[in-house]
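Engineer: Here is how the chains run, residue by residue.
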Amino acid sequence: MPSLTINGSATNFDVPDDMPLLWVLRDVAGLTGTKFGCGVSLCGACTIHLDGEAVRSCVTPVSSAVGKKIVTIEAVGLDPVGARVQDAWRQVDVVQCGYCQSGQVMSATALLTKTPKPSDADIDTAMAGNICRCGTYNRIRAAIKIAAATPGTPS
Amino acid sequence: MRLADTTPLTSRRRFLQVGAATGGGLLIGFSLFGCEQKKPADRKTPPSEKAVGAAATAETNRAPGLAPNAFIRIDRDGLVTLIMHKVEMGQGTFTSMPMLLAEELGVDLAKVRLEQAPADNNLYSDPMLGGQVTGGSTSVRGAWKPLREAGAAARSVLVSAAAQTWQVDASTLTAANGAVTHAATGRTLGYGELVDAAAKLPAPKNVKLKDAAAFTLIGKAHKRLDSPDKTNGKALFGIDARLPNMGIATVAASPVAGGKLASADEAKAMAVKGVRQVLKIDGAVAVVADHMWAAKQGLAALAPTWDDGPNKAMASGALVADMMAASKKPGAVAQNKGDAIKSLGQAGRKLDAVYELPYLAHATMEPMNCTVDLRADGCDLWVGTQVPSLAQGATAKLTGLPLEKVKVHNFYLGGGFGRRLEVDYVTQAVSFAKLMKGPVKFIWTREEDIQHDMYRPYYVDRLSARLDAKGMPAAWFHRVTGSSIMARFAPAAMKDGVDPDAVEGARELQYTIPDMRVEYVRHESPVATAFWRGVGPTHNVFVVESFVDELAFAARQDPLAYRRQLSAKSPRLLRVLNLAAEKSGWGQPLKPIAGRRVGRGVSAQFAFGSFMAQVAEVSVGADGEVRVHRVVCALDCGQVVNPDTVVAQMEGGIVFGLTAALWGQVTFDKGRVQQSNFGDYRMMRINEAPKVEVHIVASTDEPGGIGEPGTAAISPAVTNAVFAATGKRIRKLPIDQAALKKA
Chain X
0 MPSLTINGSA TNFDVPDDMP LLWVLRDVAG LTGTKFGCGV SLCGACTIHL
50 DGEAVRSCVT PVSSAVGKKI VTIEAVGLDP VGARVQDAWR QVDVVQCGYC
100 QSGQVMSATA LLTKTPKPSD ADIDTAMAGN ICRCGTYNRI RAAIKIAAAT
150 PGTPS
Chain U
0 MRLADTTPLT SRRRFLQVGA ATGGGLLIGF SLFGCEQKKP ADRKTPPSEK
50 AVGAAATAET NRAPGLAPNA FIRIDRDGLV TLIMHKVEMG QGTFTSMPML
100 LAEELGVDLA KVRLEQAPAD NNLYSDPMLG GQVTGGSTSV RGAWKPLREA
150 GAAARSVLVS AAAQTWQVDA STLTAANGAV THAATGRTLG YGELVDAAAK
200 LPAPKNVKLK DAAAFTLIGK AHKRLDSPDK TNGKALFGID ARLPNMGIAT
250 VAASPVAGGK LASADEAKAM AVKGVRQVLK IDGAVAVVAD HMWAAKQGLA
300 ALAPTWDDGP NKAMASGALV ADMMAASKKP GAVAQNKGDA IKSLGQAGRK
350 LDAVYELPYL AHATMEPMNC TVDLRADGCD LWVGTQVPSL AQGATAKLTG
400 LPLEKVKVHN FYLGGGFGRR LEVDYVTQAV SFAKLMKGPV KFIWTREEDI
450 QHDMYRPYYV DRLSARLDAK GMPAAWFHRV TGSSIMARFA PAAMKDGVDP
500 DAVEGARELQ YTIPDMRVEY VRHESPVATA FWRGVGPTHN VFVVESFVDE
550 LAFAARQDPL AYRRQLSAKS PRLLRVLNLA AEKSGWGQPL KPIAGRRVGR
600 GVSAQFAFGS FMAQVAEVSV GADGEVRVHR VVCALDCGQV VNPDTVVAQM
650 EGGIVFGLTA ALWGQVTFDK GRVQQSNFGD YRMMRINEAP KVEVHIVAST
700 DEPGGIGEPG TAAISPAVTN AVFAATGKRI RKLPIDQAAL KKA
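In order, the protein sequence lines correspond to chains X and U. Residues in the first sequence are numbered from 0 upward in steps of one, following numbering that gives the first Met the number 0. Residues in the second sequence are numbered from 0 upward in steps of one, following numbering that gives the first Met the number 0.
The shape of chain X in the complex, shown without the other chains (with noise of 0.2 Å):
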C-alpha cells in the first residue's frame, strides 16, 4: 500500500504499484485538476512536479513517486513562482478551453523555477510537450515571460 506525499500531506493508498499516478490523483484522491489528454507522455495535460521537476503523471506508476513530493495544480498556487505564473496567466487571459491549461501551468512553473529568466528557446524546450488544441501559445509565452519579470520570492 503505497504512502504518497501528495500536496504535503501522507496519505496511504491501496493501489497497485505500477498505477500511473495521474488516476491515483484523479480517481482515487479526488484530486481532478489534473487532467487526463493521451495516456502516453505525448500532451502535457497530465504535468505534475515530483520534487520540483514536471513530469507527466499518465506515465509515472506510484512506486516512482514514493518517497518524493507530489505538487499538483491544486496546490501549486502555494509555491511563489507558481503563485507568479498564474498571475500571469490571469493578467494576459491564456485560457480558453483550459482543460490542457493545469499542465501548461505546471510545466511553465517547473521552468520559471529552473530557469528564472528563460530564453525563448528555453521556453520551446521546456513547453513543447504540451499541447493546446485552442492555440493559446503565443499567450503562454507571453505570461512565461510577465511571470519571469514579475519580482519575487526565489523558491
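Just so you know, not all the hints are guaranteed correct.
To be verified - Some chain U residues well away from chain X (every beta-carbon gap over 12 Å; in silico): (1) Asp168; (2) Gly185; (3) Gln276; (4) Gly282; (5) Ala302; (6) Ala312; (7) Gly623.
Claimed, not checked - Under the rule of at most 20 Å between Cα atoms (straight-line distance), these lysine to aspartate or glutamate pairs were calculated in the DMTMM-like manner: (8) X/Lys144 with U/Glu692; (9) U/Lys690 with X/Asp119; (10) X/Lys144 with U/Glu687; (11) U/Lys690 with X/Asp121; (12) X/Lys144 with U/Asp643.
Keep in mind the hints are simulated off the structure, nothing from the lab. C-beta: ideal position from N, C-alpha, C; glycine also.
For chain X, the structure is supplied; the task is to place chain U on it using the hints.
Structural biologist: Just chain U now, with coordinates in the frame of chain X:
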C-alpha cells in the same frame, strides 16, 4: 426557479416577464427569439446552422417558443444571476454573454453570476439556430439584442421602483454600478434594496438600448471570468464528474464500423483487481472498475476480438477513387447565375483544377466521456455537450423515460470544435448503463477518441474558370463532392439535393463574377462524418481562395490586387483586404532566410457574418518542411463585445486550421483508422506556432461570429504563400511537404 406572480406582457418586440423570485428578489424572464423575423442580410442564419437547431427540436419534440426562455435573477444583496443558454468551450461566452447583460443593466461584471441552463429545447434555444445548441459562431450574434434588452428591462423596473419609493419622476433618476441615484437630492438605493418593489411592477412595454457611443463594457477588453478557475485546477469538465461509489469505465468499440464482437475473455478481465463488471452492447464493450487504471487493465485482459463485418476491406485509396469517380458526374445545382457552362466554352484563357481535403478528427483535449446514473425513475447525465437538449432527447428515446426525467448536468467543455455537437458518446454510455446499476463514468482513451470520431468529410472539388480579356473571371464552375453531414444530422435542411453546409462559402461569393455555377454531389461511404470547426467555409474557402490565386497567377496579376478588383462591390471585404495589405507590408520583399525559400500568401472570406483577410508568411526548407512565421489577420466582425476574446479566437482558430493544413489527415486501411494518438495525429506545438497579429476594424454594424472564421481563412493563405515561395500549387491537404523538397 419559477416565475411567481408574473406580469406577462407581450411587448411589440420581445416577450418579457417580471416577477418575484422565491425567497425574495427580482426575476426577469424573456424570449431570446422575440418577434423579429427579419435580420440584416449579411447576418442571416445560413440554413446549415438553422438545421442544427431543427435536429434538437426533432429529437426532443420541443419546439422553441415564445415562452420566456432565459432568466435573470437579482437578489436582495444585489447579486445578478444569469442562466446561461450557451456552453463555454473556450470561445469566451461565459464572459461576453454577461457583458451584454451588465452593459444595459448597469452593474459591474463582478456582480453577475452564471448558472448553466438545464437541458430544455423549449426554453433555452438559440434564436439563430432554433435549438439549444452552441455552435456555428452564433452566441454573440444571437444574444446581442435579447440579452441587452433584458438588461435594459430589468434596469427600467428597478428605476421605476426607485421612482415610486421616492415619489419622483423616473426621468430624474440614473442607474449605474448596481444602484439608482436621484442626483437632485443625492439619494441612492442599491439594486438589491429595490428588487422586492420592482418585482411587483409590470414589465416595461418598450426599452431603449444604449447607443454604441455610450457603451462602458461592450467593446472594452474584459478579463475572462473563467480564467482563475482554469488556472488553479478548480474548473470542472465533464470528465471531472464524481459521484459516490461511481464506477469508472473505459470503452472499446469495433475498430471497423459495423463490426461485431467475436470474442472476449470476460473471466480474465474480472480477475483484474478493481474490475467490477464487463458490459457488452452491439459493437462495443466496456469494463467498469474502481478507477480508470483497473478499467484499462481490465479491457486489455478482456482482449476483445471483432468480426469486422462488411467494411473490413475499407481503405483510403478506394474511398478516394470512388469519390473521384462520383465527382465527374453532374451534381445538384446549388448556384446558377448566368450561364457558366456556355460562358466556359467561349474564347479566353481557361483553367481547371481538382482539389482534395482529407478526413479530419477533432481531437479535443478532453477525450469523449459521459457519466450516467440510470434508474427506473429517471436518468442523470454529467457531460460536456454543445447540444444538451439533443443529449436529453436521445437518452429519453433510448431509455423510454419521459423527457423531463432526463437531467443533463453540463460542464465546461474541454474543447468542442463540433465534436460535441454529436451525442454518439452519450447514447453509447446510456446503452451500457442499461446493463448495470449505479452511476458510472465512461471515458474513451485517446486512441478510442481518434479512431471513433465522426470525421470532417473528405471532399473532392472540381473547378473551372474562364478569364476575360482583362484576366478577370468571366465564368466560374465549382462542383463539391463529399458526404452530407446535414442529410444525417438534419435532413430537413437538404434542399433539392443540396447540402447547404457542404457548399457554404462556395455558393455565394463576395466576388463579382458574371456567370457562376456551383454543384453538389452527395457521396457517402461507411465513414461517419460530422461538423468540424469552421464547417463548410473551412473546406470551401480553401478551395475558392486557392483557385482565385491560380486565376491571379494566370492573369499575371498580384494576388492581393486581383482580389481587390474582384471585391469592388463588397466594401467591407475590400476594407479588410486593404488593412491586411497595409499591416503585413504586402509588396515589400520578405527578409531572406538562409537555406529556405520564403513567400507570402493572402486569403479573403466572408463567413459567419464576419469579413476577414489573412496574410501568411512562410518559409520552405530544402527538405520541403513548411514553417509559418507570421500571420496578419484583418477582421471586420461588426460591433465587438470583448476585443481580447476576438483576438484570442483568431489566434486559436489560426493554429487550429494550420495544424490541419500542415499535418491533419485520418486515413483508413482494412476498415480501420490508421491514426491513434498525438504521435501519428500531429498537433501544432508552441515551437511551431506563428506570430499572429490581429487587426480589428472599428464598427457598429451587427456583430459577426468569431469562433470559426480564423480557422477557415488560414489554410489558403498558407498554401498560397507556399506557391509564392516554391512555385508549387497545393491542391490537396494536408500539404505534401516531401513534394516540396528542393530538386
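Engineer: Decide, hint by hint, whether the structure agrees.
Structural biologist: These are the hints, each one checked on the structure:
1. Asp168: holds, 43 Å
2. Gly185: With a cut-off of 12 Å, U/Gly185 remains clear of chain X, as the shortest Cβ separation is near 37 Å.
3. Gln276: At roughly 16 Å from the nearest Cβ of chain X, U/Gln276 sits farther out than 12 Å, so the non-interface label holds.
4. Gly282: holds, 23 Å
5. Ala302: holds, 18 Å
6. Ala312: holds, 29 Å
7. Gly623: Holds, since 21 Å exceeds 12 Å.
8. X/Lys144 with U/Glu692: holds, 18 Å
9. U/Lys690 with X/Asp119: Given pair U/Lys690, X/Asp119 holds - Cα atoms ~13 Å apart, limit 20 Å.
10. X/Lys144 with U/Glu687: holds, 18 Å
11. U/Lys690 with X/Asp121: holds, 17 Å
12. X/Lys144 with U/Asp643: Holds - the C-alpha atoms of U/Asp643 and X/Lys144 are around 19 Å apart, at most 20 Å.
Figure legend: structure checked against the earlier numbered hints; every hint is met.
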